Each structure stands twice: as C-alpha cells, then as structure tokens.
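Student: Sequence:
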Amino acid sequence: PRSAVLVNMLETDRSIDFNGVMLLSQILSFDMDADVPESNPGVDVPYMVALPTYAATAWYHNRLPGKRPPDLQKFLGEVQHFAMGDYSQALQAGAALNSKQRMMIANRLHQYTGLPVWYLLRANLRVNGGMFEQNLQGNLDMTTGRLDTRFSGPTMDPLEKEAEYDPQSASISSAYVSGFNDYVRRELKYGMGKQYKPEIDVFKDWNFQHQPPGAPFPLPRATNVIPDLSTAMKYNPRLRIMLTGGYFDLATPYYEGVYEMRHLQIPQALQRNIEYHYYPSGHMVYANEASLKALHDHAADFIHRTSNLGDR
Numbered sequence: 001p002r003s004a005v006l007v008n009m010l011e012t013d014r015s016i017d018f019n020g021v022m023l024l025s026q027i028l029s030f031d032m033d034a035d036v037p038e039s040n041p042g043v044d045v046p047y048m049v050a051l052p053t054y055a056a057t058a059w060y061h062n063r064l065p066g067k068r069p070p071d072l073q074k075f076l077g078e079v080q081h082f083a084m085g086d087y088s089q090a091l092q093a094g095a096a097l098n099s100k101q102r103m104m105i106a107n108r109l110h111q112y113t114g115l116p117v118w119y120l121l122r123a124n125l126r127v128n129g130g131m132f133e134q135n136l137q138g139n140l141d142m143t144t145g146r147l148d149t150r151f152s153g154p155t156m157d158p159l160e161k162e163a164e165y166d167p168q169s170a171s172i173s174s175a176y177v178s179g180f181n182d183y184v185r186r187e188l189k190y191g192m193g194k195q196y197k198p199e200i201d202v203f204k205d206w207n208f209q210h211q212p213p214g215a216p217f218p219l220p221r222a223t224n225v226i227p228d229l230s231t232a233m234k235y236n237p238r239l240r241i242m243l244t245g246g247y248f249d250l251a252t253p254y255y256e257g258v259y260e261m262r263h264l265q266i267p268q269a270l271q272r273n274i275e276y277h278y279y280p281s282g283h284m285v286y287a288n289e290a291s292l293k294a295l296h297d298h299a300a301d302f303i304h305r306t307s308n309l310g311d312r
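Its first residue numbered 1, the sequence shown is counted upward by one per residue in my numbering.
The set of hints was computed from the structure by calculation and includes no laboratory data. In this text the structure is predicted, and so the values were computed from the model without any measurement. Watch out, some of these pointers could steer you wrong.
Quick list of in silico lysine-lysine cross-link-like pairs, BS3-like style, CA-CA up to 30 Å [stated by the list, open to error]:
1. Lys161 / Lys194
2. Lys293 / Lys197
3. Lys67 / Lys204
4. Lys74 / Lys293
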C-alpha cells in the first residue's frame, strides 16, 4: 500500500509527476487479507480472491482429484470464473444457502482445491490461508508454504486448525539474511556491531488508521488505499501501473491484485493504463531464477515504455 499512498501524496501535494508505478505482490485493501477473514464476518471477498491461489497450489502439488489439467493458466481462468460467479453468490447467500446448493459448491471447491468435501462443509465453505496450508497435504503430515506455496515442510502439530509456521521461510530465510548481512557490512560499510533482525513484533503497536483522499478524518475501518491510487491516476491520466506477483503467493494472492485493480475508482478508459504480469513463483517472485529474469525483463521494458511520455 505504501506506493499507492506515496505516488498520490507526491503528485497532489508536491506537484511531482510520475510516469509509472511498479507494484510487486500488492495488497491495497486489508479487507482482502486471506489470513484472518473470519475476524470480519460478512466480508467474504478474501475467500474468493484466494481460491485461484489454492487451486494453483493444489495443481502444483498434484492434490487435485482426477487428471491434472495440462494448462495452468487455462485452469486458473476457470477457477477465477467460478470464484466470481457461483462461489461468490453462495458466500453472499450466507445462511440462506440450502443444503443442496452447499453440497454443490463444496464439490466444486473439492475439484479446485483437493480439500475433502466433508472438511469444506465443516468450514462453512470458507477456508482461510492458514487452514489451507495446514490441510492441503495434511494426510502426509506436511505443511504447505505461505509466502511461496511450492514449499512444504513437516507439520508441527497435525491437530492444529492452522499452520504454525511457513516452510518457505524455514527453507530460504537464512540464505537471504546471511547474504544481506554480508552485503551491508562488506559493500555498504554499515552495521558493524549491530544485529539485523529480519522480523520484529511491531504490528501490535502499529497505527493502521488511514485518511483517504477527500475524507475529513481517518476512517474507522481496515486500511484501504484504493482511493489513493485512484486519485493519483485521475490526477495524472498518463500514469501507468504494472502489477506483478506470483501464482503461488498466499500472503498476497495474485487474484486479489486483479480484483483491487478492477475496483479502482477511475474512468473505464484509464483501466488501459494497467498491465499485469504473473510468474510461477511466490511472494518473493525473484526467489525463482526464471521468474527473476522474466520480472527483470518486464520491469526494464516498462521503464523504457513509460520514459519520456511527454507533457500532459
């Protein structure tokens, strides 16, 4: 969300124009968070936008029932259609959904996620990220990754409702931390005698209040910076947006970004200023060498195309 707020502040308050903004593994509205959507009952969008990532993950780990679809993108297109169609309608129906409809939706979810029908029914057709990570490979006592769902690791407690750790972090964090420590000390000559902490518990004290453009005061709701990016794009109609992410990212599911872009408060014509690039990787797209190269090439091309766009 920082980029959306920053570009709007600099354009509207400081008269600094931008040609483009590159967003990687974005979340603009925390109402979309797939980790704890049950804390915000009545808002079911997180379940819908996370479903394509569940499906991509089940596809990757061969957990889908029946024959594995040969074309991932085509398969995800089908899942996205279901997520925004029948699944969306079922969730919005709430308690009005009858037993026949519930069973039909549970069977469709089973086809797309590999999770058992009985489990989906017990979960009221609503599976958050941690539940999916814990149960996708639960019969193997394996936990699925969060930042990158291609990763798996031994389950800490098979009786837990949700995953207790992220196998992706357990697998690669030490390499990134050691590389960072070496770089800042050897190349930047910074940090001697200091400890680098890759994670620190600050969120309990974090002020998530946000005053969107046009609001008289910070609003009592989850942080949502969609209005900020919308304002920036209307203030500067030449502003281009490049949205990138990984198909296997469950921290910020790729379809969440698509949903947010499609709900920007902008004229339809400005939707042409947005482009999308997704990769067979996770939250840290660059952790996959082929995805790193593709991301580099897309970023370089975007910078080249958006440079020297001329006066408005």
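Student: Indicate, hint by hint, whether the structure satisfies it.
Tutor: So, going through the hints one by one against the coordinates:
1. Lys161 / Lys194: Status violated; Cα separation ~38 Å.
2. Lys293 / Lys197: Holds - the C-alpha atoms of Lys197 and Lys293 are around 28 Å apart, at most 30 Å.
3. Lys67 / Lys204: 45 Å, violated
4. Lys74 / Lys293: Given that 30 Å is the threshold and the Cα spacing comes to 23 Å, the pair holds.
Checked against the numbered hints above, the structure breaks hints 1, 3 and satisfies the rest.
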